[in-house]
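J.: Starting from the given sequences, assemble the full structure and let the hints guide the process.
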Amino acid sequence: LAKTTQPISMDSYEGQEVNITCSHNNIATNDYITWYQQFPSQGPRFIIQGYKTKVTNEVASLFIPADRKSSTLSLPRVSLSDTAVYYCLVGEGSSYKLIFGSGTRLLVRP
Amino acid sequence: DAGVIQSPRHEVTEMGQEVTLRCKPISGHNSLFWYRQTMMRGLELLIYFNNNVPIDDSGMPEDRFSAKMPNASFSTLKIQPSEPRDSAVYFCASSLEENSPLHFGNGTRLTVT
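Protein sequence lines, in the order shown, are assigned to chains A and B. The first sequence begins at 1 in our numbering and counts up one residue at a time. The second sequence begins at 1 in our numbering and counts up one residue at a time.
Since the hints were made in silico from the structure, they are not lab data. One or more hints might be untrue.
Some but not every residue of chain A turned toward chain B, in silico, with C-beta under 7 angstroms [claimed, not checked]: (1) Gln42; (2) Gly43; (3) Phe46; (4) Gly50; (5) Tyr51; (6) Ser102.
Calculated cross-link-like contacts (lysine to aspartate or glutamate; reagent style EDC-like; alpha-carbon spacing at most 16 angstroms) [to be verified]: (7) A:Lys97 - B:Glu11; (8) B:Lys78 - B:Glu18; (9) A:Lys97 - B:Glu98; (10) A:Lys97 - B:Glu44; (11) A:Lys97 - B:Glu97; (12) B:Lys68 - B:Glu11; (13) A:Lys97 - B:Glu18.
Computed from a prediction, not measured in an experiment: that's the story for all the values here. Glycine included, each C-beta is placed from N, C-alpha and C at the ideal position.
T.: Here it is in structure tokens:
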């Protein structure tokens, strides 16, 4: 399983765009990149998944360069309610094999 | 869609007592997972069921822990006897298929005194 490295914490202000980068240097050919979000006192929630280039949904965008050794989760115009822990996971796809690391704790300030 | 439902939301018990945590997965999902989350160890997979059959229980810490899935709409995680180090938040998750995104419940916060 590819190991991931992401910042422990990030601060931002309301209305700003936030980009969280995840490094996964030993990603395998069949691996997908998946991001989850966890609010206090709740379980993690799936945000987005991608394999290469760019994926966008109503919540976020995921940018993956050609070498796939890193990925960037982009949250447009964050609000206070986006304060959460964001996890980057890399794996072949079987959900139960994906490992949740420490995540990135995002704090959005007024 | 009510999501994954876990009960109880909070459980406080004394060391040595039996604890049973319950989970109702999303209807139609055929994969179910039990996770444990602590500050020290983060989110750890305990056991994974596919079509009600345990597929991988290598994350179950020891024999005091057991999990069952008698039917597609119900699962239990039992700890007997409980110990203070079992204190954690226990999450149940389900997915439509083995490789589909996980849908988590809101967890059971267990405190063993």
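J.: It remains to establish, for every hint, whether it holds in the given structure.
T.: Hints and how they fare:
1. A cut of 7 angstroms between beta carbons decides the hint on Gln42 of chain A: the least distance to chain B is about 5 angstroms, and the hint holds.
2. A cut of 7 angstroms between beta carbons decides the hint on Gly43 of chain A: the least distance to chain B is about 3 angstroms, and the hint holds.
3. Taking 7 angstroms as the C-beta cut-off, the interface hint given for Phe46 of chain A holds, the closest approach to chain B being about 4 angstroms.
4. For Gly50 of chain A, the suggested interface contact is broken, since its CB lies about 12 angstroms from the closest CB of chain B, more than 7 angstroms.
5. This hint is violated: Tyr51 of chain A has a C-beta 13 angstroms from the nearest C-beta of chain B, more than the 7 angstroms allowed.
6. Using the Cβ-Cβ criterion of 7 angstroms, the hint placing Ser102 of chain A at the interface with chain B is satisfied: the shortest such distance is roughly 6 angstroms.
7. Our distance criterion of 16 angstroms between C-alpha atoms is broken by Lys97 of chain A and Glu11 of chain B, whose separation comes to about 28 angstroms.
8. Only pairs whose Cα atoms come within 16 angstroms are accepted, and Lys78 of chain B paired with Glu18 of chain B is accepted, the gap being roughly 7 angstroms.
9. Restraint check for Lys97 of chain A and Glu98 of chain B: the C-alpha separation of about 10 angstroms stays at or below 16 angstroms, so the hint holds.
10. Restraint check: the Cα-Cα separation between Lys97 of chain A and Glu44 of chain B comes to about 11 angstroms, which is no more than 16 angstroms; the hinted pair holds.
11. Distance restraint check for Lys97 of chain A and Glu97 of chain B: the Cα-Cα separation of roughly 13 angstroms lies within the 16 angstroms cut-off, and the hinted pair is therefore satisfied.
12. The hinted pair formed by Lys68 of chain B and Glu11 of chain B fails the criterion: a straight-line CA distance of about 19 angstroms is larger than 16 angstroms.
13. With a C-alpha separation of about 29 angstroms, the suggested pairing of Lys97 of chain A with Glu18 of chain B is violated against the 16 angstroms cut-off.
Against the hints set out earlier in the document, violations occur for numbers 4, 5, 7, 12, 13.
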